[in-house]
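Student: So the sequence lines, in the order shown, correspond to chains A and B. Residue numbers for the first sequence follow this note's numbering, so the first one is 9 and each next one is one higher. Residue numbers for the second sequence follow this note's numbering, so the first one is 9 and each next one is one higher.
Incorrect hints may appear among the rest.
Treat identical chains as interchangeable: a pair holds within one or across any two.
Derived BS3-like pairs: lysine-lysine, alpha-carbon spacing no greater than 30 Å straight-line [unchecked claim]:
{"id": "1", "residue 1": "Lys-24", "residue 2": "Lys-100"}
{"id": "2", "residue 1": "Lys-108", "residue 2": "Lys-359"}
{"id": "3", "residue 1": "Lys-54", "residue 2": "Lys-291"}
{"id": "4", "residue 1": "Lys-220", "residue 2": "Lys-21"}
{"id": "5", "residue 1": "Lys-54", "residue 2": "Lys-100"}
{"id": "6", "residue 1": "Lys-54", "residue 2": "Lys-21"}
{"id": "7", "residue 1": "Lys-220", "residue 2": "Lys-108"}
{"id": "8", "residue 1": "Lys-21", "residue 2": "Lys-100"}
Everything labelled a hint here was simulated from the structure, so no lab data went into it. Predicted model only: the values in this text are computed from it and were never measured.
Given next are the chains, with one letter for each unit.
Number of protein chains: 2
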Amino acid sequence: MANDAYIRELGEKARKVASTLAGLNSTCKNQALLSIAEELSANSAKLLAANQEDVTAGRAQGLSDHFLDRLTLNEQRIENMVISLRELVNLKDPVGNVEKMWRRPNGLEIGQMRVPLGVVAIIYESRPNVTVDAAALCLKTGNAVILRGGTEALRTNQFLVDQIRAALTRAGVPADAVQLVTTPDREAVRSLMRMNDYIDVLIPRGGAGLIKTVVENATVPVIETGVGNCHIYVDASAEIEMARQIVLNAKTQRPSVCNAVETLLVHRAIAPEFLPLCGADLKAAGVEIRGCAVTREYLPWAEAATEEDWGTEYLNLILAVKVVADAEEALAHIATYGTRHSEAIITSDYKLARYFLQTVDAAAVYVNASTRFTDGFEFGFGAELGISTQKLHARGPMGLEALTTLKYIIYGNGQIRS
Amino acid sequence: MANDAYIRELGEKARKVASTLAGLNSTCKNQALLSIAEELSANSAKLLAANQEDVTAGRAQGLSDHFLDRLTLNEQRIENMVISLRELVNLKDPVGNVEKMWRRPNGLEIGQMRVPLGVVAIIYESRPNVTVDAAALCLKTGNAVILRGGTEALRTNQFLVDQIRAALTRAGVPADAVQLVTTPDREAVRSLMRMNDYIDVLIPRGGAGLIKTVVENATVPVIETGVGNCHIYVDASAEIEMARQIVLNAKTQRPSVCNAVETLLVHRAIAPEFLPLCGADLKAAGVEIRGCAVTREYLPWAEAATEEDWGTEYLNLILAVKVVADAEEALAHIATYGTRHSEAIITSDYKLARYFLQTVDAAAVYVNASTRFTDGFEFGFGAELGISTQKLHARGPMGLEALTTLKYIIYGNGQIRS
Numbered sequence: 009m010a011n012d013a014y015i016r017e018l019g020e021k022a023r024k025v026a027s028t029l030a031g032l033n034s035t036c037k038n039q040a041l042l043s044i045a046e047e048l049s050a051n052s053a054k055l056l057a058a059n060q061e062d063v064t065a066g067r068a069q070g071l072s073d074h075f076l077d078r079l080t081l082n083e084q085r086i087e088n089m090v091i092s093l094r095e096l097v098n099l100k101d102p103v104g105n106v107e108k109m110w111r112r113p114n115g116l117e118i119g120q121m122r123v124p125l126g127v128v129a130i131i132y133e134s135r136p137n138v139t140v141d142a143a144a145l146c147l148k149t150g151n152a153v154i155l156r157g158g159t160e161a162l163r164t165n166q167f168l169v170d171q172i173r174a175a176l177t178r179a180g181v182p183a184d185a186v187q188l189v190t191t192p193d194r195e196a197v198r199s200l201m202r203m204n205d206y207i208d209v210l211i212p213r214g215g216a217g218l219i220k221t222v223v224e225n226a227t228v229p230v231i232e233t234g235v236g237n238c239h240i241y242v243d244a245s246a247e248i249e250m251a252r253q254i255v256l257n258a259k260t261q262r263p264s265v266c267n268a269v270e271t272l273l274v275h276r277a278i279a280p281e282f283l284p285l286c287g288a289d290l291k292a293a294g295v296e297i298r299g300c301a302v303t304r305e306y307l308p309w310a311e312a313a314t315e316e317d318w319g320t321e322y323l324n325l326i327l328a329v330k331v332v333a334d335a336e337e338a339l340a341h342i343a344t345y346g347t348r349h350s351e352a353i354i355t356s357d358y359k360l361a362r363y364f365l366q367t368v369d370a371a372a373v374y375v376n377a378s379t380r381f382t383d384g385f386e387f388g389f390g391a392e393l394g395i396s397t398q399k400l401h402a403r404g405p406m407g408l409e410a411l412t413t414l415k416y417i418i419y420g421n422g423q424i425r426s
Numbered sequence: 009m010a011n012d013a014y015i016r017e018l019g020e021k022a023r024k025v026a027s028t029l030a031g032l033n034s035t036c037k038n039q040a041l042l043s044i045a046e047e048l049s050a051n052s053a054k055l056l057a058a059n060q061e062d063v064t065a066g067r068a069q070g071l072s073d074h075f076l077d078r079l080t081l082n083e084q085r086i087e088n089m090v091i092s093l094r095e096l097v098n099l100k101d102p103v104g105n106v107e108k109m110w111r112r113p114n115g116l117e118i119g120q121m122r123v124p125l126g127v128v129a130i131i132y133e134s135r136p137n138v139t140v141d142a143a144a145l146c147l148k149t150g151n152a153v154i155l156r157g158g159t160e161a162l163r164t165n166q167f168l169v170d171q172i173r174a175a176l177t178r179a180g181v182p183a184d185a186v187q188l189v190t191t192p193d194r195e196a197v198r199s200l201m202r203m204n205d206y207i208d209v210l211i212p213r214g215g216a217g218l219i220k221t222v223v224e225n226a227t228v229p230v231i232e233t234g235v236g237n238c239h240i241y242v243d244a245s246a247e248i249e250m251a252r253q254i255v256l257n258a259k260t261q262r263p264s265v266c267n268a269v270e271t272l273l274v275h276r277a278i279a280p281e282f283l284p285l286c287g288a289d290l291k292a293a294g295v296e297i298r299g300c301a302v303t304r305e306y307l308p309w310a311e312a313a314t315e316e317d318w319g320t321e322y323l324n325l326i327l328a329v330k331v332v333a334d335a336e337e338a339l340a341h342i343a344t345y346g347t348r349h350s351e352a353i354i355t356s357d358y359k360l361a362r363y364f365l366q367t368v369d370a371a372a373v374y375v376n377a378s379t380r381f382t383d384g385f386e387f388g389f390g391a392e393l394g395i396s397t398q399k400l401h402a403r404g405p406m407g408l409e410a411l412t413t414l415k416y417i418i419y420g421n422g423q424i425r426s
């Protein structure tokens with residue numbers, strides 16, 4: 009209950025400033041972003057000191073090297089935060105856009121105006137750059153934000169949010185636009201997930217466990233960013249050189265991310281020529297292959313794939329490979345095991361390309377390109393809040409618009425309904 | 009657990025046909041709609057007999073006259089269902105629209121294609137026309153639907169869904185496009201709300217209690233249709249005749265619906281002239297007024313409003329009235345007590361009109377028009393699924409597009425990420 013009251017207080021403060029934030033013009037919001045950038049640059053030494061305390065405590069707690077790396081700030085990482093803030097200034101503010109407007113027979117003019125969501129809560133894990141990134145994206149879109157970062161980064165996040173709030177105040181923006189949940193108590197997260205009166209949307213940014221917990225327990229509407237078990241289907245009609253380059257790129261360019269390919273499906277007519285070449289590319293790049301029986305006829309060095317492999321997001325230099333009889337078998341495999349993130353076909357067949365684009369149920373469906381492009385920056389949004397694998401509100405890479413909604417505005421001159 | 013298995017089976021069947029439904033062209037879907045219309049027309053006598061059983065059982069159970077009225081079908085109501093089906097045929101199918109498409113510097117062409125949500129579950133109360141309406145809207149948008157109507161209407165709904173499925177089969181559309189939950193067990197509803205693997209979105213259509221239960225318990229994403237505690241603010245600058253007509257219309261044209269006005273806010277400078285006239289209009293129309301102390305100086309016959317009145321959606325011929333010092337007080341009142349549905353200002357002041365439109369946080373914000381226009385048909389959508397008071401995905405009157413989502417389609421010619 010103490011946590012509930014604490015979170016309610018944050019919610020009330022956020023709601024109180026939301027209307028002011030919604031009314032800020034872009035110039036003012038951009039000045040505030042620049043003010044935050046200056047504050048971070050000016051106080052990087054103190055920030056590093058605060059972060060060092062977190063890292064030292066984390067190491068004493070026995071956190072893994074991988075975890076400590078994500079937690080650790082350095083001059084370069086601080087500089088990157090500052091660069092991101094400055095880049096955000098240059099993006100177009102979506103708030104206030106009237107997307108459509110039409111006139112009804114009775115003379116009413118009805119339009120849809122893009123407006124902030126209101127109060128956004130973001131729950132994330134240990135990387136401190138998310139604190140600045142999330143605060144900045146919410147500020148740019150006129151939302152109040154309540155941040156709940158990993159408890160291991162609490163000193164760092166506290167210092168960052170103090171700096172952000174000081175910068176906001178200097179820019180004439182209410183400091184409560186950005187608030188941090190400072191209690192490490194997990195019950196506070198539960199309160200946050202159920203505070204429908206004060207929070208308009210909840211965004212979990214982190215691993216599958218965090219997202220599952222939020223989806224299971226939240227009553228506040230959630231924007232879910234999900235896992236990517238992505239496939240490439242190499243059709244009989246594929247250009248072999250193109251297919252080799254795309255598969256290699258999608259698997260090895262950055263294997264740890266959600267848009268990397270995890271399963272390769274190969275038409276049996278092209279497998280005899282394609283698989284030995286593609287297999288050699290992958291082997292040379294250090295990729296372990298887990299193949300079906302037919303795959304292993306062409307790549308005898310591959311491990312045998314189990315049922316589990318088809319459903320696994322490796323996030324690593326491992327690729328499952330299956331030879332299929334035709335495109336229908338590939339589509340059925342994708343429908344069964346895919347996570348509706350990013351799916352690609354490599355083909356020269358016009359009809360099949362269209363059929364694949366229309367049939368596959370995923371956030372991003374590709375013809376003849378690497379799945380690695382599913383990314384807000386690669387799509388040209390200039391920012392990315394995450395990649396949604398849900399179907400409501402936002403699907404695929406989310407830019408600034410995902411943090412807004414549309415309201416109807418209606419201009420009349422005395423219309424009444426008959 | 010028996011219910012869980014039953015609902016899972018419905019979910020599996022729906023998911024199985026979803027991809028086929030997504031690929032149907034508009035001509036085929038329209039033929040299926042016409043086929044349903046014919047089936048209903050041809051079998052109206054049997055439908056009335058099934059409905060009569062529900063009504064008789066309901067009366068024996070002691071259901072209220074109001075409830076029985078909503079449950080009862082007659083020739084006219086069946087004819088209205090048939091007319092709605094035929095009208096839906098004439099609406100443009102949103103599926104397959106590519107809303108935007110752009111080319112990236114690397115030559116990738118990225119577009120957003122409108123596609124069905126997939127599997128939609130709709131939980132509703134006793135009106136049997138919702139069964140046909142919901143099935144038809146989902147069919148038109150290429151979604152599979154699982155319907156769960158009020159148990160009091162089970163025989164009627166069962167008959168309707170049997171007819172719909174027969175008509176679908178005749179039109180070459182898989183019958184499992186439309187399924188009905190036939191167990192009256194409430195646990196089945198709970199299963200439906202948590203079947204994330206098979207259901208893409210859940211839409212409760214009904215009273216506040218139903219919606220609250222769904223929001224509290226669902227893990228499946230929900231499109232929430234909410235209550236409307238709508239306000240009209242009559243500014244000092246209002247044209248008095250216009251304000252009188254709009255207030256009378258918004259309160260009395262159909263008081264039982266969510267876009268009817270519930271509280272009138274009046275600027276104190278115009279109150280001496282406006283309130284006696286407006287009060288007389290309302291009194292003549294049988295409206296009971298619950299006013300603040302100042303209101304009662306001008307309308308001595310009005311009841312005294314309590315704190316509770318400001319937060320009440322009467323859905324009846326009752327209006328709360330408050331005199332305010334200025335527009336800011338009106339805005340603060342709306343922000344405190346409004347349910348973010350529909351809010352209106354009556355004013356001749358250009359600057360204030362813009363300020364009100366921009367500041368009020370609601371699905372629909374009006375200048376100089378009745379709140380009663382918040383409606384899919386009045387907005388020109390040709391259909392209405394309900395009025396969303398949530399901010400994610402769909403806000404305000406929902407037409408066919410609310411039953412769709414966008415997926416990214418990407419045309420490449422060998423692009424890899426560097």
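Student: Please go over all the hints and tell whether each is borne out by the structure.
Tutor: Hints and how they fare:
For the identical chains of this complex, Lys-24 and Lys-100 are intra-copy neighbours only, at 26 Å inside a copy versus 42 Å across copies, given an alpha-carbon limit of 30 Å. In this homomeric assembly, Lys-108 and Lys-359 come within 30 Å of each other (Cα to Cα) only across copies, at 22 Å, whereas the closest approach inside a single copy is 34 Å. Neither within a single protomer nor between protomers do Lys-54 and Lys-291 lie at most 30 Å apart by alpha-carbon distance, with minima of 46 Å and 69 Å respectively. For the homomeric pair Lys-220 and Lys-21, the shortest alpha-carbon distances inside one copy (28 Å) and between copies (25 Å) are both at most 30 Å.
When the C-alpha separation of Lys-54 and Lys-100 is checked against a cutoff of 30 Å, the pair qualifies neither within a copy, at 33 Å, nor between copies, at 60 Å. In this assembly of identical chains, Lys-54 and Lys-21 lie within 30 Å of each other by CA distance solely inside one copy; the values are 28 Å within and 59 Å between copies. Proximity of Lys-220 to Lys-108 under the C-alpha cut-off of 30 Å is found in neither arrangement, the shortest distances being 36 Å within a copy and 32 Å between copies. For a Cα distance limit of 30 Å, the shortest separation of Lys-21 from Lys-100 inside one copy, 28 Å, qualifies, whereas the shortest one across copies, 45 Å, does not.
Hints 3, 5, 7 from the list above are not met by this structure, while the remaining hints are.
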